[in-house]
Amino acid sequence: MEAHPAYKPIAGYMKRYPMLAGSMFQVHNDLMLAQQWEGLEAVELAAAGRVVFRGRRTKTDDKVQYVVPCSLAESLSLAWFGAVFRELDGVQEVHLGITSEDSSVVYYKLSRGIVKPPL
Amino acid sequence: MAEQTKAGKKNDRAERNRIYAHALPAIPSSSTKPWLGIPLWRTPSSLERPRVVGVFDSATRSVWIIHSEHANLLWRRGFFGKGSLSRSEPTWLARQTGSRTAEEITAKRREERKTFKTERARAIVAAQEEAEAAFAAGKPLPAPFAPEAVRQAIRSTPEPGDASTPPPVLAAEPPEIEPVEDLEYLQLTLQEAFFLAWSLDSLRVLDAVTHNPLSLPALWRASHAAHYMPPAPQLDLRFDNPFLVNYVAYHHYRSLGWVVKSGIKFCADLLLYKRGPVFAHAEFAVIVCPVYEDDTDRATSPFQLSNVDPFSWSWLSTVGRVNSQVQKTLILTYVTIPSSRRVNLAALDSPGCLAEFSVREVVLRRWVPARMRD
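Those protein sequence lines, which keep their order, are chains A and B. Position 39 of the first sequence, counting from 1, maps to 39 under full-length UniProt numbering, and the rest follow consecutively. Position 335 of the second sequence, counting from 1, maps to 335 under full-length UniProt numbering, and the rest follow consecutively.
Next up, chain A with everything else stripped away, as it sits in the complex:
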């Protein structure tokens, strides 16, 4: 894993959060090479106890999106999400990148507060 190009940009964080190294690597790998996000960078969040990823979906997109990696084995509480949104001041929504051991990453959109469904 250390030799893979998706590892080097987050190598420091992988050592700091060894319990989540697998999920962080898989989400970073997916965003960097498969989804090919622009301006992809890692943001350390103490409240989340991990690194979250920030970037734009395409070159022409202006909106900066956040992805919080987590594993299927974890159980996350609403208080935890509250803390994440408090630390990410001004961000209205994040994507939760849930990883599985077969390398599937499933993304769920989480918004701060109630969202009206689109027409």
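To be clear, the hints were calculated from the coordinates, so they are not data collected in a lab. Hints are not guaranteed to be accurate.
As the list claims (entries may be wrong) - List time: in silico DSS-like cross-link candidates among lysine-lysine, alpha-carbon distance up to 25 Å:
hint, chain 1, residue 1, chain 2, residue 2
1, B, K108, A, K59
2, B, K114, A, K63
3, A, K59, A, K8
4, B, K114, A, K59
5, B, K117, A, K116
6, A, K109, B, K139
7, B, K265, A, K109
8, B, K114, A, K116
We have chain A; now place chain B onto it with these hints.
Using the frame of chain A, we list chain B on its own:
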């Protein structure tokens, strides 16, 4: 894409049957046994086992197959593994170089469906307005809305996507394109890897650091150890290790002939395919429910196995709804974890301890008395 002709579909089916002819990596290499010089019948004299090589990765709890020939072999003979950058089959390099892949066909189909839906909505609104106008004017109502007509209209209009797709050869592009390094690997779960190595003898797993091949006992221990946070190979093994519990279910269904894949997209643990994902959608979604024979084992467990407690009705209905929406039958697979007081922990040194586990299935189907009279 225009509707496929019958001959086109037949060709596709024949092609798929040719590519995915072997259900397992090991194929029988037969020889004809002549009798009095006359070749009578073929007897499988041996199994040709491919020696595929993978690397153990503890952090992602998986085995990585780096060589693309090995990856293709494992995928085509039994649908083992998943491309790390693709939906199922490793197609990342093909997508980078512009070849047509399954992901692109799906994307195009979704685009067409979206166009159809907006056109249909527009037609419905137009028909409503027409009916209202006719009613207000006192004239007889026009003919009822015909969705088939809308579908024909969509088919005949040129696709908006065609104009935007780039032509295959761009005049401005330099004649030599740098070869893209294939950064994709096939990722096998630890259960798939152990099954391939032990039951099918088709995989050799290398240690991540030393690159020495792991023996079967070493692979067994490493797979258990990977679930301890941080990975601890020197700790005593336990019967309720998540690797072992999931391996029991995986081995059970694989040995019965099902193709077993991850069910994360459908709120389940496993998906069961009769032949493989390329042939038909999975008919069954499996949720593995571990059951402790002895509750003290659970109290002393360092693991947090999911679905051990009884479910709430809301959760069960949610999962049932998700799967009935995609026409899958939900199966609850109860795996009984043997008590460490009854069974000697030494049994955990080998997969022989699988005999101590029991697997029971419960099929869950939603029944509506008003509608299901038969």
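Taking 25 Å as the top limit, are the C-alpha atoms of A/K59 and A/K8 close enough?
23 Å, holds
Within 25 Å, alpha carbon to alpha carbon, are B/K114 and A/K63?
Satisfied, since the Cα-Cα distance of roughly 23 Å is no more than 25 Å.
Distance restraint between B/K114 and A/K59, which requires alpha-carbon spacing of 25 Å or less
24 Å, holds
Verify the proposed pairing of B/K114 with A/K116, using a straight-line Cα cut of 25 Å.
21 Å, holds
Under the criterion that the straight-line Cα-Cα distance not exceed 25 Å, is the pair B/K108, A/K59 satisfied?
The hint holds at about 21 Å.
Do the alpha carbons of A/K109 and B/K139 lie within 25 Å of each other, as the hint requires?
Distance ~50 Å between A/K109 and B/K139 Cα, so the pair is violated.
Pair hint B/K265 and A/K109, alpha-carbon separation not exceeding 25 Å:
15 Å, holds
Restraint status (C-alpha distance of B/K117 to A/K116 at most 25 Å)
21 Å, holds
When the structure is compared with the earlier hints, a violation turns up for hint 6 alone.
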